[in-house]
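All chains, full assembly: derive it from the sequences and hints.
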Amino acid sequence: AQKVTQAQTEISVVEKEDVTLDCVYETRDTTYYLFWYKQPPSGELVFLIRRNSFDEQNEISGRYSWNFQKSTSSFNFTITASQVVDSAVYFCALTPYSGGGADGLTFGKGTHLIIQP
Amino acid sequence: DGGITQSPKYLFRKEGQNVTLSCEQNLNHDAMYWYRQDPGQGLRLIYYSQIVNDFQKGDIAEGYSVSREKKESFPLTVTSAQKNPTAFYLCASSKGVNLAGELFFGEGSRLTVL
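Just so you know, the protein sequences line up as chains D and Z, in that order. Everything in the first sequence is counted per this note's numbering, starting at 968 for the first residue and increasing by one. Everything in the second sequence is counted per this note's numbering, starting at -9 for the first residue and increasing by one.
Worth flagging that the hints you see were computed from the coordinates, not collected in a lab. For glycine and all other residues, C-beta sits at the position ideal for the given N, C-alpha and C. Treat the hints with care, since some could be wrong.
Quick look at which bits of chain D chain Z covers, simulated, 3 or more residues with Cβ under 8 angstroms [said to hold, decoys possible]:
{"no.": "1", "region": "988 to 997"}
{"no.": "2", "region": "1070 to 1080"}
No more than 30 angstroms apart at the CA atoms, straight line, and that leaves these computed lysine-lysine pairs for DSS-like [unchecked claim]:
{"no.": "3", "chain 1": "Z", "residue 1": "-1", "chain 2": "D", "residue 2": "1076"}
{"no.": "4", "chain 1": "D", "residue 1": "1005", "chain 2": "D", "residue 2": "983"}
{"no.": "5", "chain 1": "Z", "residue 1": "47", "chain 2": "Z", "residue 2": "73"}
{"no.": "6", "chain 1": "D", "residue 1": "1005", "chain 2": "Z", "residue 2": "47"}
{"no.": "7", "chain 1": "D", "residue 1": "970", "chain 2": "D", "residue 2": "1037"}
{"no.": "8", "chain 1": "Z", "residue 1": "4", "chain 2": "D", "residue 2": "970"}
{"no.": "9", "chain 1": "D", "residue 1": "1076", "chain 2": "D", "residue 2": "1037"}
{"no.": "10", "chain 1": "D", "residue 1": "970", "chain 2": "Z", "residue 2": "60"}
{"no.": "11", "chain 1": "D", "residue 1": "1076", "chain 2": "Z", "residue 2": "73"}
{"no.": "12", "chain 1": "Z", "residue 1": "61", "chain 2": "D", "residue 2": "1005"}
{"no.": "13", "chain 1": "Z", "residue 1": "60", "chain 2": "D", "residue 2": "1005"}
{"no.": "14", "chain 1": "Z", "residue 1": "61", "chain 2": "D", "residue 2": "983"}
Here are some, though not all, of the chain D residues that point toward chain Z, as calculated from beta-carbon distances under 8 angstroms [unchecked claim]:
{"no.": "15", "residue": "976"}
{"no.": "16", "residue": "983"}
{"no.": "17", "residue": "1021"}
Structure representation (C-alpha cells):
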C-alpha cells in the first residue's frame, strides 16, 4: 500500500518569508508520479506540479520550487518570498506510474499555510 | 470559461433523506471523479467514471450512488445508508484515466446532516 505523509498540519509565517512544505511518501512501485495541489479558501483544488520518479531534477516556477529526493522519499515544496495569496491548504499526492489513474491516487492530509501580512 | 460546476454549494439534510449533488463539466473530459474531504484529512475517492454509462467504486463507495448518462454530468447521491455524510464533497475530471494529465476540480459542495 502506498502512503503520503505531510507532517506539518499548519504553518504560519509572515509575508515575504520563505517557507517549505514537507512531503514524505511510501510506495512499493519503482515508478510513480508525485503531485502538489493547492486548495484556496474557495474550495477547489488547483494542480501545481506533476513529477515522475524518473526525473529527480528540481523544478522552479516563479516563486515556487520543488525538491524531489528519491533517496529520502521526499518531494518538498518551497515558496520563496511568500505572499498573502499563498495562504491555502496544500496537498501532496502519489500514484503508481502503471495504470496510474485517479483510482490509484493517494493524498496526504494537507498542510494549512497561513501567510500573515 | 471551461471548468467544473458543482451545486449546491451548501446543503442541509435531515437524517434519513437522500440528497443528490450535481457536477457538470464543459472541458470535454472523459473521466470524472467524486472525492470526500473531512477536516484535517486528505481526499478519499468515492466513485469514478472513465466513460459514459460506466463507473467504478472508489475506496469509500458505501452509502453513495452515481450515474453517468452524459459525458458532461456525474451526479452523486448520498443515501440514507451513509452513516456519516456530513463532509465536503469535491468533483473532479481529467482528460483520460491515465493520471499523466492533472485533475481539474470544482469548488465543492458542503453537506451538513442535521
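Quick rundown of the hints versus the structure:
1. 988 to 997: violated (count 0)
2. 1070 to 1080: n = 8 at 8 angstroms, threshold three: holds.
3. Z:-1 x D:1076: holds, 22 angstroms
4. D:1005 x D:983: holds, 19 angstroms
5. Z:47 x Z:73: Roughly 17 angstroms between the alpha carbons, so the hint for residue 47 of chain Z and residue 73 of chain Z holds.
6. D:1005 x Z:47: holds, 26 angstroms
7. D:970 x D:1037: holds, 15 angstroms
8. Z:4 x D:970: violated, 35 angstroms
9. D:1076 x D:1037: Holds - the C-alpha atoms of residue 1037 of chain D and residue 1076 of chain D are around 21 angstroms apart, at most 30 angstroms.
10. D:970 x Z:60: The given pair, whose Cα atoms are some 34 angstroms apart, is violated under the 30 angstroms limit.
11. D:1076 x Z:73: holds, 22 angstroms
12. Z:61 x D:1005: Distance ~26 angstroms between residue 61 of chain Z and residue 1005 of chain D Cα, so the pair holds.
13. Z:60 x D:1005: holds, 29 angstroms
14. Z:61 x D:983: violated, 44 angstroms
15. 976: Residue 976 of chain D check passes; min Cβ-Cβ to chain Z is 7 angstroms, inside 8 angstroms.
16. 983: The hint is violated - residue 983 of chain D has no Cβ within 8 angstroms of chain Z, the shortest such distance being about 28 angstroms.
17. 1021: violated, 12 angstroms
The structure fails hints 1, 8, 10, 14, 16, 17 (numbered hints given earlier, in ascending order).
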